[in-house]
Each structure stands twice: as C-alpha cells, then as structure tokens.
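There are 2 protein chains.
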Amino acid sequence: MSAAHSAIGDEASTEEVMLEMGGRAKAAARRLALATPAQKNAALTAMAQAIRARTALICEANAEDVAAARQEGMSASFVDRLALDPARVAAIAAGVELVRDLADPVGAVTEAWDRPNGLRIERVRVPLGVIGVIYESRPNVTVDAAALCIKSGNAAILRGGSDSFRSSRALHQAIALGLDQAGLPTAAIGLVPTRDRAAVGCMLQGLGGNLDVIIPRGGRSLVARVHAEARVPVFAHLDGNCHVYVHGAAPLAMAKEIVLNAKMRRTSVCGAAETLLVDEACAGTHLRPLVAALLDAGCEVRGDSLTRIVDPRVRPASEEDWSTEFGEAIIAVKVVGGLGEAIAHVERYGSHHTDAIVTTDQAAADRFLAEVDSAIVLHNASTQFADGGEFGFGAEIGIATGRMHARGPVGVEQLTTFKYRVRGTGQTRP
Amino acid sequence: MSAAHSAIGDEASTEEVMLEMGGRAKAAARRLALATPAQKNAALTAMAQAIRARTALICEANAEDVAAARQEGMSASFVDRLALDPARVAAIAAGVELVRDLADPVGAVTEAWDRPNGLRIERVRVPLGVIGVIYESRPNVTVDAAALCIKSGNAAILRGGSDSFRSSRALHQAIALGLDQAGLPTAAIGLVPTRDRAAVGCMLQGLGGNLDVIIPRGGRSLVARVHAEARVPVFAHLDGNCHVYVHGAAPLAMAKEIVLNAKMRRTSVCGAAETLLVDEACAGTHLRPLVAALLDAGCEVRGDSLTRIVDPRVRPASEEDWSTEFGEAIIAVKVVGGLGEAIAHVERYGSHHTDAIVTTDQAAADRFLAEVDSAIVLHNASTQFADGGEFGFGAEIGIATGRMHARGPVGVEQLTTFKYRVRGTGQTRP
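If you read the sequences in order, they're chains A and B.
Anchor point for the first sequence: position 29 equals 946 in the numbering used here, and the numbering is continuous, going up by one each time.
Anchor point for the second sequence: position 111 equals 1028 in the numbering used here, and the numbering is continuous, going up by one each time.
No lab work stands behind these hints, which were simulated from the structure alone.
Careful: at least some of the hints might be erroneous.
What the hints assert, rightly or not - In silico SDA-like cross-links for lysine to any residue, where the CA-CA straight-line distance does not exceed 20 Å: (1) K1173(B) x N1034(A); (2) K1173(A) x A1198(A); (3) K1173(A) x T1345(B); (4) K1173(B) x A1198(B); (5) K943(B) x G1125(B); (6) K943(A) x R1265(B); (7) K943(A) x N1034(B); (8) K1173(A) x N1034(B); (9) K1173(B) x E1245(B); (10) K1173(B) x R1340(A); (11) K1173(A) x A1200(A); (12) K1173(A) x R1346(B); (13) K1173(A) x R1340(B); (14) K943(A) x K1173(B); (15) K1173(B) x R1346(A); (16) K943(B) x D1097(A); (17) K1173(B) x T1345(A); (18) K943(A) x D1097(A); (19) K1173(B) x A1116(A); (20) K1173(A) x A1198(B); (21) K943(A) x K1173(A); (22) K943(B) x A1287(A); (23) K943(B) x R1265(A).
Please build the complete structure, drawing on both the sequences and the hints.
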C-alpha cells in the first residue's frame, strides 16, 4: 500500500484512497479468481498461524479499542462484542481453518449438457469479484469475512466499525501475511485505512465500478442505509420478523418445544421467532399452555384479545407489534382463523426471512411451505435453524432476504456466480 | 383497469398511475406464483388464440403506428422493425406456444440434502416477482416478454416504445384475454397506458418497492440510462464487444469458417464478433487469408500495423476501435504475441459478453476459457451461439453481462429465484 499511497501523497482524500483501493482490489480479484484451491488453502493456513502468532499484538491493539470504548461510555454489551482475549483470538484462528476445510466452490460444473449440433455447454462457478463488507465493532468479522472471500476466490474491501479500528488493523496484518506467504496479492483483502465515515459513502457508490456486491453486517440502521443508498447489489436482511404458526393439527408437545426454542434459544439472532400464530382450531387446548410456557421461560407476551383471556400476564399487542423484530424476550401472539389467515398474516407483516408451521397435516404443511414467500420455510422445526452452519454451508457471511442471486444463508457458494463454457469442434451458426 | 382508473380519476398523474400499476402487479404476482403449470399453459394457449383471432385488429392498430412513424420521417429499418402483417402476427402467436411448451421452471427442486439432525433441506425454484421490461418499438417484445413472464410465474409491467404504442395496446388486449380465460388476473401483465416518458423514470425508481428487476431491451442509450438510474436490479448487457482469438495452433479452415460466421452471419446481434485477434505464431500463414475472407465477404477491416501490411484494403484501427461494438460489417483485427496477450486484450477492451478461441491445443483452450471473464466463453465455435435458443433455453428475454443472478442468456429459468424448504419432525436447535 505504501508505494501507491505515497504516489497519491499524504494529502489524499478519503475518496481518492477508496477509489485507489477499489482499483487494486479489482486487479487482485483477477488473481484470486485464478488461484488454485491449494494456494487459497495455503493462504488460509498461514492466516490462522499468523493470527495465533500475533495473539499478544492483537490483544494489545484490542485493549486500546476497549479502553477508548469504555471512556466513551459504550454499553457493557457493546464492549463485550468488541473485546478479545487469547481464547477469542484462538477461536478466530480456528474459524479460518474451518473455512479452509470447506469444499472449494470455484470451478464446480453445476450443469452440463450437449446440444444437437455437438456443442457441449457447461455452467461453471466463478467468483463474484470484489465484495464490500461494512460491519460494526465486532473484530472477528474482519477475519471471518476475509476467510470466506478468499475461499470463494473473491477480493474484499472491509470497513469495520470505528470503535474496533485498532483491533481490525492488527487482525488485518495477519491476513496480509497469510496472503503474502501463499504468493497471493495482499490487496485482495483491503481494510479501509481511515475512520472517516465518508469511506462508507464511497463504497455505496461502488468505487468506480470496482465493487460487485456489498454485504452489510450490523444493526438495522446500517442495513437500511446501505439498502437506501447502495448503487451496487446488496446481500442483506433488514428484518428477521419470523413466525411460528401452530396449525390446528399440531401436537402440543412438539409445538411447545419448537415455539420455546424458536423464541428463547437466542433472542438476538435474526432467525428468532417474533410472532406466534395459533390456529383457532387448537386454541382451546394449545393457546394457554403455549403462552404459559413462554411466560414461565421469562418471555414477555403481547397478545390479541383471545390470548389475553388465557393468561392475565399477557399484555395487549399493538398493531406495530405484528411487524416488529423484538430481538429480545418478547413475542407477539395471535389466534388466526385457519391456514389462509395465517399465511396472509405472515405475508402482510413478515419480512420474508424464515417462517415455520407446526402440524401433522401434510397438506396444510405443503400449502404453508408453498404460499409463504420467505427465504426459508420450515415444517415442524425451529426457525432458529436459519443459519449457514445449520444448513451445512460450514460458515456464512450473513442471511439475505432479497430475491436476487443469494437468498437465505450466504456461504462460500453464494459468493460465486457462473460462466458458460462451451466446447465445439468448429461449429458455426446456420 | 377501468375501475381502478376511475377511482384515481382522470387527472391521475403518471406517477400515480404507475404506482398503482406496481401495487396491482405485486398482488397479481402472488397469484401467478401459485398458479399451476396447467393454468399458466391454458393462459398461453388462450393468448395465442386471441392473438390469431385479432390479427385484423392488431394489423389495423399497427398500420396507424407505421403511418405515424413514416410521417415523422423514421428510417426504413425502424419502420421494418415496427411493421406487422398477418404472417408476423402468426409468428408472434406461434412464439407464445413455443414458450408454453417449455419445461415449467417453478417448483423444481434444484438441490436437496439431509442434515445429521434429520432435517431435509430442499432448494426450490420460485418466481422472481414483478419484472419491468422497457423496450423500443418492436411490438413483438410485448408478447414475447409477457409469455416468458407468465411461464415463469412472474407478473410484468411492460413499457414499449412510443412509436409502437397502438400495436402494443392491441397485442396487450389479447394477452389480457388469455389471462382472463385461464382465471388468472389480467393485472399480471400490465402495459404502461401512457406515452409519457416519466413512466420510465417511475419504473427505474422501483414503483414503491413493487418491481423486483428491470430488463431493458433496446439500444445502448436505453440500457445505459437504465444502468445509471435504476434503483432495482437490472438484467442487461450494455455492449457485446465479442472477440475471436485465432491461436497459433488453429487450423486455418476452421478459423476462417468461425471468424466469418462470428462476424458476418448477422452483424447486428450482440454475439457478433467485433475484434479478431490473430496469434503471431500463425500470422504468417493465417492473417492474410482471414483478412481476405472478411474483406471479400464485404466486411470493412480496421487493422493494426501488421494487419495493414497483408492487405492494402485494410484501414488503420484507432484505439477506440478495440472497444467498439460496431454492430455492422466492420471488424478490428490485431496480431497478438501469444495467449497471455490475447487474454489481456479481451479483458481490457471486451465487455464480458462472449469470446471465443480457435485452437487444437487443449491446454491453450482451457486457459482461455478459465481466464477470460465473460458470461460465455467458447472453444472452436462461433460467438453467434450466444443465444438462449442455441443454448436450449427455448426462448430468451435478453442476454445479461452483470455478475448477479442471471448471466448470459436470460430464459424462463433465469427469471426465477429460489427458497429453502425445510422439513423436520420436531427438531429444535441445541
């Protein structure tokens, strides 16, 4: 970076720095795209080793970030997400090796067919190009995103939260070492070298056509800004307002287990359930125990009029509650008059992320799975399975609710596109 | 449409009309997405019948368009693209039946796997939603686009050229009849009911979040505007600057046939070759006959210094010629110093559309196919095979050079996205 930097001069504006990063990343992307699986794996191995070897340096840099965050009065949960210790650094390094050991998606032939004229056509996976990742102050994202991009043959431009600036820089040094040791260009994984917020605006504009996709990882306001302003495709979900619908033919024990798990296993994940719909056909037997189980587990329940009747602890649900991703131990509960009403409710208030039906009625399940237009639809399973790891993708960079290209968990395969490879023996078109 | 229209009132602005169309299309898209293959096929059959039955009406409306275009002094080729006669109308109707007989892409399970916890995960094709098509004055696009969208379960908003307004309206009436006869909502295929150019701007803004993708079909300026202004994903190609690289190990006869076909079969299609690269290893034997064949076929040749030596009819190529899609019988010709230089030339000047290598050297071909980053790469075949029909897709709505979602020919399969369907037996996440 230094040579290019000095060419621009010390006075380079953020925009100049960012445009130059974009150009360098695009050139590096070409080399990454053609790197062999062995070369990429060597880089990931060296990255993990460099992270481990630099544990002390990384923790020192992180301690400065943590001290600054405390001084600025950031919350305890914020500081916890920011803080690293040797065990967390070791986990980050292990995560790189996990990504290394995934199947290499690049070069896979996903379809192949022969034409009557003898042409052989293959659809082959190739990397997307340059991926912009904009995230908040979780230093591990720097490494997770870098590893997934390298494995999938992409270059990346990473822009982490200002509060984790020093930690990300220390981790990025290890990433660059890994790339360099494997003979890959260090510009393949660029870390935005400034805290200036204008850098984000530059990325949203696409860095002069050099950014192929942007992945925001963070809170709703970040994702909303990226959606509103990005001039390049975005893989993201704005909301995870997930539903569990307990159908009339749902066994109570299974419904209770799934509802409790969907809501309470981890309340902050995007696949956590936010609304429980109970069919009136089973409300007489199921509503009270389901609500009681939630309340007893420490969950606040906001219910419609029928739900409030079964338990005095239930608070009234507002219209807004139906479309809210609470992200904590709160759930909205409503009794619906059948499958059609349940589907209509999910379509009206949901966020097309992940929705589940509990029933022993196969036809009802099939209709729910067909008609609910969400990235993930489940029958008799918890919405908390909305996760790349649980899908068997090994690791994910996020979950997308857009309809284009990637939908659902975004793993290494979703970070690729394809080309058509056509082999002939001299064919011309009549 | 009339009822909704009168509700808005005669004074409705273009923006109001367009937003209302978007909302109605989105609602219709939901019904199209759930329509059975039989229902969609019935609509397409009825559409084709209605087009045939209304041939006279369609030709009358078209005659008015043609008369107006002539009065405005439009070129003969423009009028030819605009004009319909009974034979062309019959061909349009037959095209609908061709699309009807394609495999239905919706509901296909493209991948399925079991997780260790017993969850069964399937990746299922579902329609994209609402597709905006912006095109110029080729009335057949109204029907072609409608048929492809219906087959793929999508709704569409069609905005044709002003000069074909009456023709498109007459064809659209037949489309609406077909939908209605099959019990599908006529709002599924909306034709923008105004010539006001502001309608295009509304579509580029996404119609209040109701448009999922825009497909521009027309000249470079239209595509460039859509790329620059669209706030929704775009399937398109701005340029088709395709290359044929004649490698050192290319048999002259095959090279000549492929080059002539790639350039001259049809010079106006996006897969037509615009630049010929000849390797210096075979330039001594191949360059002169290749250039002579092109010149003798009526093609203007613009060459580098070496090419100009072999034939006095060759004009000098300018720097701009290497990145120009001529779209007519002109080709730029350059001698390159080997495979690496050829690939570098294609990457620098090409448009990532379609590029071909001619050689008997398998290793050279493999490297070209791997390193040229285009939607379609061919070995020993003409670039004019860049076409959905030639790929076996049956019909295409265009060719995309973007990296997201659709790349290459865009057929009914590329007009779908997917969802994950997960079936369990009560699984919860630990």
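A quick look at each hint next to the structure:
For the proposed pair K1173(B) and N1034(A), the alpha carbon gap of about 19 Å is at most 20 Å, so the pair holds. Between K1173(A) and A1198(A), the direct Cα distance comes to roughly 16 Å. Compliance with the 20 Å bound is thereby established for this hinted pair. A hinted pair counts as satisfied when its Cα atoms are at most 20 Å apart, and K1173(A) with T1345(B) qualifies at roughly 11 Å. Only pairs whose Cα atoms come within 20 Å are accepted, and K1173(B) paired with A1198(B) is accepted, the gap being roughly 16 Å.
Note on K943(B) and G1125(B): the hinted pairing holds, with a Cα-Cα distance of about 10 Å set against a maximum of 20 Å. For the hint linking K943(A) to R1265(B), the alpha-carbon distance of about 13 Å falls within 20 Å, and the restraint holds. Straight-line distance between C-alpha atoms of K943(A) and N1034(B) comes to about 41 Å, which puts the hinted pair past the 20 Å bound. At roughly 19 Å between alpha-carbon atoms, K1173(A) and N1034(B) fall within 20 Å of each other, so this suggested pair holds.
Straight-line distance between C-alpha atoms of K1173(B) and E1245(B) comes to about 19 Å, which keeps the hinted pair within the 20 Å bound. Note on K1173(B) and R1340(A): the hinted pairing holds, with a Cα-Cα distance of about 18 Å set against a maximum of 20 Å. Between the alpha carbons of K1173(A) and A1200(A) the distance comes to roughly 13 Å, so the proposed pair stays at or under 20 Å and holds. Proximity of K1173(A) to R1346(B) is assessed by CA-CA distance (about 14 Å); at most 20 Å being required, the pair is judged to hold.
Our distance criterion of 20 Å between C-alpha atoms is met by K1173(A) and R1340(B), whose separation comes to about 18 Å. This hinted pair does not check out: K943(A) and K1173(B) have alpha carbons roughly 35 Å apart, beyond 20 Å. The straight-line distance between the Cα atoms of K1173(B) and R1346(A) is roughly 14 Å, inside the 20 Å bound, and the hint therefore holds. With a CA separation close to 50 Å, the supplied pair K943(B) and D1097(A) exceeds the 20 Å bound.
Between K1173(B) and T1345(A) the alpha-carbon distance is near 11 Å, which keeps this suggested pair within the 20 Å criterion. At most 20 Å may separate the alpha-carbon atoms for a hinted pair to count; K943(A) and D1097(A) meet this at roughly 17 Å. Of the pairs offered as hints, the one joining K1173(B) and A1116(A) is violated, with about 51 Å between alpha carbons and a cut-off of 20 Å exceeded. As the CA atoms of K1173(A) and A1198(B) are separated by approximately 74 Å, the hinted pair breaks the 20 Å bound.
Between K943(A) and K1173(A), the direct Cα distance comes to roughly 51 Å. Violation of the 20 Å bound is thereby established for this hinted pair. Restraint check: the Cα-Cα separation between K943(B) and A1287(A) comes to about 17 Å, which is no more than 20 Å; the hinted pair holds. A hinted pair counts as satisfied when its Cα atoms are at most 20 Å apart, and K943(B) with R1265(A) qualifies at roughly 13 Å.
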